[in-house]
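**Q** Protein chains in written order, with our numbering: chain A, 1 to 300; chain B, 1 to 399.
In short, the hints are calculated from the structure, not lab data. Computed from a predicted structure; not experimentally measured. Every residue gets a Cβ at the ideal spot worked out from N, C-alpha and C, and that includes glycine. Any given hint might turn out to be false.
Which chain B residues face chain A? A few, computed with CB under 10 Å, are given here [claimed, not checked]:
| # | residue |
| --- | --- |
| 1 | Gly50 |
| 2 | Val244 |
| 3 | Met278 |
| 4 | Ala308 |
| 5 | Glu329 |
| 6 | Ala331 |
| 7 | Ser333 |
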Amino acid sequence: MESLVSLLLSIFTLFGFYSLLAFGLGIIFGQLGVVNVAHGEFVMVGAFLMYAMAGIPFWPRLLVVVLLGLALGVITERLVLSRLYARGFLATLLAMWGVGIVLRQGADAVFGSTPASVAAPISGTLDVLGVQYPLYRLVITVIALAVVGCGLLLLYRSNLGMRIRATVDNRTMASLLGIPPTLIITGTFATGTGFAVLAGALQSPMLGVTPGVGVSFLAPAFFAVLIGRPGSLSGPIFGALVVAILSTLLRTYLNETVAQLILFALLIILIAVRPNGLSWRKPQWKIAPAVPATRNGAPA
Amino acid sequence: MNRSRRLSTATVILTATALVLTGCGAASTSAQAPSSGKTLKIGLIAPVTGPAVQEGLALQRGFELGVKKINEAGGVLGHPVEVVTVDDQANASKSTQLPQRLVAQDKVDYLFGTIPGDTTAAVGKVSQASKVPFSSVVLGDASFCGPYFYPFGEPDLTMLDVIVPQMMNKYGKQVAMVGNDYVFPRGYMAKARTIVEAAGGSVSVEEYSPLGTADWQPVVNKLSAAKPDWILSAVVGGDATSLVSQADQAGLLHATGFSGVSIMQDYYPGLTTRIDGMQLPGRYSDQLTGQANSEFVQNYRKTYDFAAPIPGVAANAYEGVQMVARAVEKAGSTDADAVTAALSGATIENGVFGSGHFTKDRRFVTEMHLLDIQPGGKYSPVQSYKAPEDAGNGAQCAS
């Protein structure tokens with residue numbers, strides 16, 4: 001029983017972290033068509049900002065770091081990406097690769113290579129059905145999932161969200177309808193960056209913060225986006241759940257190195273078999289051809 | 001300038017910046033004097049970028065201070081030592097190409113440095129093929145042996161033969177082992193397991209994770225479930241901070257003993273007060289007394305504006321390059337066979353870590369210390385002991 005509870009808690013906490021990462025990466029990919037290979041470096045920036053501003057109490061510092069993350073997103077989008085959309089997918093990918101290098105080397109120049117650490121604001125463990133689990137992990141998971149939940153509500157239950165989804169579906173049409181594409185695009189990239197920075201800031205008390213710390217987070221986030229239907233805004237969260245379950249199960253029952261090998265092999269196979277991503281909905285090809293509806297919505 | 005030209009210019013600038021930042025430049029040569037037949041020219045392979053950057057920087061700094069001291073004392077064979085520095089990024093493929101270039105193009109007389117086991121083996125093979133002597137300085141048994149290879153790092157056994165029985169006496173006989181998944185941690189743990197089992201203990205769990213692992217929770221769960229009396233860890237770099245932080249948050253550090261290379265000086269800035277009061281074995285500490293160490297510590301802190309505990313790899317590089325210089329001086333030339341013959345019988349007296357020498361199987365041994373970690377990162381020696389001359393299991397280079 002204890003091992004099952006421990007396993008479920010590990011999945012829950014990993015899902016919280018990956019969902020925040022994948023949601024940010026997913027909205028950038030869905031909205032802008034940009035493969036943000038610097039997403040891991042944005043996580044690193046969040047962790048280092050928490051370290052650099054250690055004099056500020058933890059929770060206000062988190063808020064400041066997120067605001068700085070949003071500003072970093074605006075600057076990156078305006079100075080780098082906005083000039084490259086017309087040149088296509090490869091140009092933006094290479095540009096973000098360059099941004100990642102600059103951020104990593106910049107962190108190395110400013111903070112050096114010695115691992116830094118951030119003190120956790122909460123210590124101790126919580127008894128969950130007989131399992132002593134780190135309280136801080138549980139708290140940040142709840143925060144991460146709450147942020148993702150708010151993001152989804154914003155996307156699907158607000159006028160702003162409707163405009164964002166309209167721009168994702170058809171940017172030209174949205175523009176003709178008076179939705180300012182530049183504002184939506186910049187805002188979306190900044191929000192995605194802010195999510196990554198927040199993820200890094202929340203994780204920072206559990207990490208040896210180095211310039212390369214973000215690299216290991218990129219692959220799971222990408223897989224989550226690809227599994228959850230590329231281009232979908234909510235799909236990456238479902239993908240994050242799949243990655244968290246697979247990763248935790250394999251790492252619990254197998255040797256760590258073998259587990260990671262199998263995890264990525266499984267994810268590659270999954271994407272090869274279902275290139276349009278997984279969905280909890282019934283696949284389209286199994287649904288009967290649409291029947292023309294009557295005026296009151298009932299089938300004719 | 002039209003839009004596409006501006007973009008092309010930006011791309012060129014970005015690419016150039018990327019090349020500069022990633023260190024894809026030429027090797028740097030430090031000495032101004034032209035090379036002559038008698039000038040000792042050393043090729044320093046320092047991974048100052050990549051996953052071993054922390055150890056690489058310490059290696060480079062210790063080496064630079066050692067060379068500076070040699071040259072201030074008149075150099076070797078009447079000439080200042082020349083150094084050609086390259087960055088192998090702890091990447092084994094670069095650790096083959098770069099030493100080949102150092103030997104063929106720069107005509108170095110000696111190869112020095114690199115950090116991980118696989119890059120050490122790669123440089124060792126170039127050294128053997130080209131008959132140019134080579135010394136590494138990182139701790140742990142090397143996975144390579146050759147007549148021109150003289151490693152200055154601490155052999156595995158010297159870091160285990162005292163601490164393992166002491167931890168078993170203090171905490172108990174059930175040991176959990178955790179490390180990164182590469183050559184050094186696996187070799188280190190294999191020797192530790194032998195000592196544990198010989199002392200009547202047992203290993204309750206043994207886990208290895210790839211370098212760069214950030215989420216250690218599944219490993220922490222396994223360690224907790226095994227209920228060990230103490231944990232021996234060979235997790236390194238930023239991973240050491242992640243593991244210790246996550247084990248601490250899970251309450252594991254308070255419930256069990258903890259030791260191993262994960263808590264050595266290199267990682268203290270990230271580990272901080274979490275490891276105060278723990279103990280580990282070590283050859284070097286900046287808290288060791290003696291004139292040579294006082295001078296080294298003062299120079300290191302001043303030159304590099306460095307306040308953290310000084311890593312042992314810096315001390316090994318500092319003393320190692322001086323020992324090489326003395327061997328060349330004794331040999332009277334840079335001839336590889338003469339230099340290695342001189343190294344075999346050479347000793348270090350009153351160095352930063354006291355005295356040291358090469359054993360018959362070319363392991364460098366010194367007096368070892370049990371270091372107590374005190375607040376502020378003071379690794380205070382509380383007990384000293386003689387390192388074993390016998391390599392124990394797995395003698396690497398018996399002649």
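**Q** With reference to the structure, classify each hint as holding or not holding.
**A** For each hint, the structure was consulted:
no. : hint   : result
1   : Gly50  : holds (8 Å)
2   : Val244 : holds (8 Å)
3   : Met278 : violated (16 Å)
4   : Ala308 : holds (7 Å)
5   : Glu329 : violated (35 Å)
6   : Ala331 : violated (36 Å)
7   : Ser333 : violated (38 Å)
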